[in-house]
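Protein chains: 2
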Amino acid sequence: MHTPRAIQDLYPDDFAHCFGCGRINPHGHQLKSYVEGEETVARFTPRADQVALPGFVYGGLIASLIDCHGIATAAAAAELAAGRTIGAGPVPRYVTGALRVDYLAPTPVGHELELRSRVRERNERKAVVEVALSAAGTVTARGEVVAVRMPSTMQQPPRR
Amino acid sequence: MHTPRAIQDLYPDDFAHCFGCGRINPHGHQLKSYVEGEETVARFTPRADQVALPGFVYGGLIASLIDCHGIATAAAAAELAAGRTIGAGPVPRYVTGALRVDYLAPTPVGHELELRSRVRERNERKAVVEVALSAAGTVTARGEVVAVRMPSTMQQPPRR
Chain Y
1 MHTPRAIQDL YPDDFAHCFG CGRINPHGHQ LKSYVEGEET VARFTPRADQ
51 VALPGFVYGG LIASLIDCHG IATAAAAAEL AAGRTIGAGP VPRYVTGALR
101 VDYLAPTPVG HELELRSRVR ERNERKAVVE VALSAAGTVT ARGEVVAVRM
151 PSTMQQPPRR
Chain F
1 MHTPRAIQDL YPDDFAHCFG CGRINPHGHQ LKSYVEGEET VARFTPRADQ
51 VALPGFVYGG LIASLIDCHG IATAAAAAEL AAGRTIGAGP VPRYVTGALR
101 VDYLAPTPVG HELELRSRVR ERNERKAVVE VALSAAGTVT ARGEVVAVRM
151 PSTMQQPPRR
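These protein sequence lines are chains Y and F, in that order.
At position 4 of the first sequence (counting the first as 1) the number is 4 in our numbering, and the numbers step up by one without a gap.
At position 146 of the second sequence (counting the first as 1) the number is 146 in our numbering, and the numbers step up by one without a gap.
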């Protein structure tokens with residue numbers, strides 16, 4: 001199936017402030033992930049200053065995109081596993097338990113990056129998502145995101 | 001020993017543009033890491049909008065800080081292993097081969113974050129660095145950075 005709306009745009013308003021993908025965060029990356037068949041896909045073009053070394057995309061940005069895309073993939077998978085249609089209502093919010101990124105090759109700037117991911121395993125509480133990031137048709141980084149259903153302790157900002 | 005200058009400020013000018021820690025990148029995080037005894041230490045206070053959920057620091061930022069701090073730690077370790085003093089000249093530039101972050105607990109906003117790292121193993125070509133990130137005295141994330149000496153292919157920007 002193909003979602004007309006981004007998964008992140010289905011996060012409840014109270015949890016849509018993420019710097020990486022929240023629609024309410026005006027300064028953030030606002031990454032958008034879509035279900036396409038068995039995968040979820042996101043595309044993002046880094047700015048010229050988001051580099052590690054001249055000409056190569058900053059690895060911290062790559063890690064951030066993999067993180068948010070993996071979390072969105074877990075949210076969509078939970079909805080689909082429950083028999084619901086993506087876009088019919090809000091999706092559940094996951095947080096990152098662990099993130100691993102293997103940088104296979106330098107990622108050149110000046111290209112739209114494509115992230116594709118699949119859920120490797122999931123249960124009610126968590127999902128393990130594999131993400132491949134490519135530039136100009138070459139996979140330059142692979143990631144694994146352990147996505148955990150948002151604990152109730154994160155549903156209120158902490159007291160200082 | 002204790003370095004009066006940040007490790008990242010000793011990167012050669014041509015390789016000091018990193019969004020996470022380059023002194024030449026005006027829009028970046030400009031993370032600064034210092035050798036303190038057997039560890040390297042960096043401190044960083046996130047902005048209010050660098051959140052994942054209201055009240056909690058964005059995991060992508062945490063990954064980015066761990067990455068740059070780990071890379072700086074590897075550079076300093078190479079200098080020390082060669083018998084040189086940190087600050088006496090430029091330090092070698094490492095890039096990230098792999099990054100792993102375990103998010104142990106939500107990281108509350110409104111605090112200065114502290115990163116402490118040690119080199120677990122190293123040889124001429126690469127180093128494995130362990131990083132602990134804490135907020136208000138509690139370690140909320142642990143990271144492992146596989147740092148690799150910058151390959152010659154990254155010393156020139158790629159052709160489009």
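Calculated from the structure, these hints are not laboratory results.
Some hints could be false.
Among the chain F residues that face chain Y by a calculated CB cut under 10 Å, a handful are [to be verified]: (1) 14; (2) 45; (3) 51; (4) 66; (5) 114; (6) 149; (7) 150.
Which chain F residues face chain Y? A few, computed with CB under 8 Å, are given here [claimed, not checked]: (8) 48; (9) 49; (10) 53; (11) 68; (12) 80; (13) 95; (14) 96; (15) 101; (16) 139.
Ideal Cβ placement from N, Cα and C applies to all residues, glycine included.
Hint by hint, here is what the structure shows:
1. 14: 7 Å, holds
2. 45: 14 Å, violated
3. 51: 6 Å, holds
4. 66: Check passed: Cβ of residue 66 (chain F) comes within 9 Å of chain Y, closer than 10 Å.
5. 114: Violated, because the Cβ-Cβ distance from residue 114 (chain F) to chain Y comes to roughly 17 Å (cut-off 10 Å).
6. 149: Not OK, violated: residue 149 (chain F) not within 10 Å of chain Y, min 13 Å.
7. 150: With a closest approach of 7 Å, the residue 150 (chain F) hint holds.
8. 48: Constraint on residue 48 (chain F) not satisfied, violated at 10 Å.
9. 49: 5 Å, holds
10. 53: For residue 53 (chain F), the interface hint holds, since the closest Cβ of chain Y sits about 5 Å away, which is under 8 Å.
11. 68: Holds - the Cβ of residue 68 (chain F) comes within 8 Å of chain Y, reaching about 7 Å at its closest.
12. 80: 23 Å, violated
13. 95: 7 Å, holds
14. 96: 5 Å, holds
15. 101: 5 Å, holds
16. 139: This interface hint is violated because 15 Å lies over the 8 Å limit.
The structure is inconsistent with the numbered hints 2, 5, 6, 8, 12, 16, although it conforms to all the rest.
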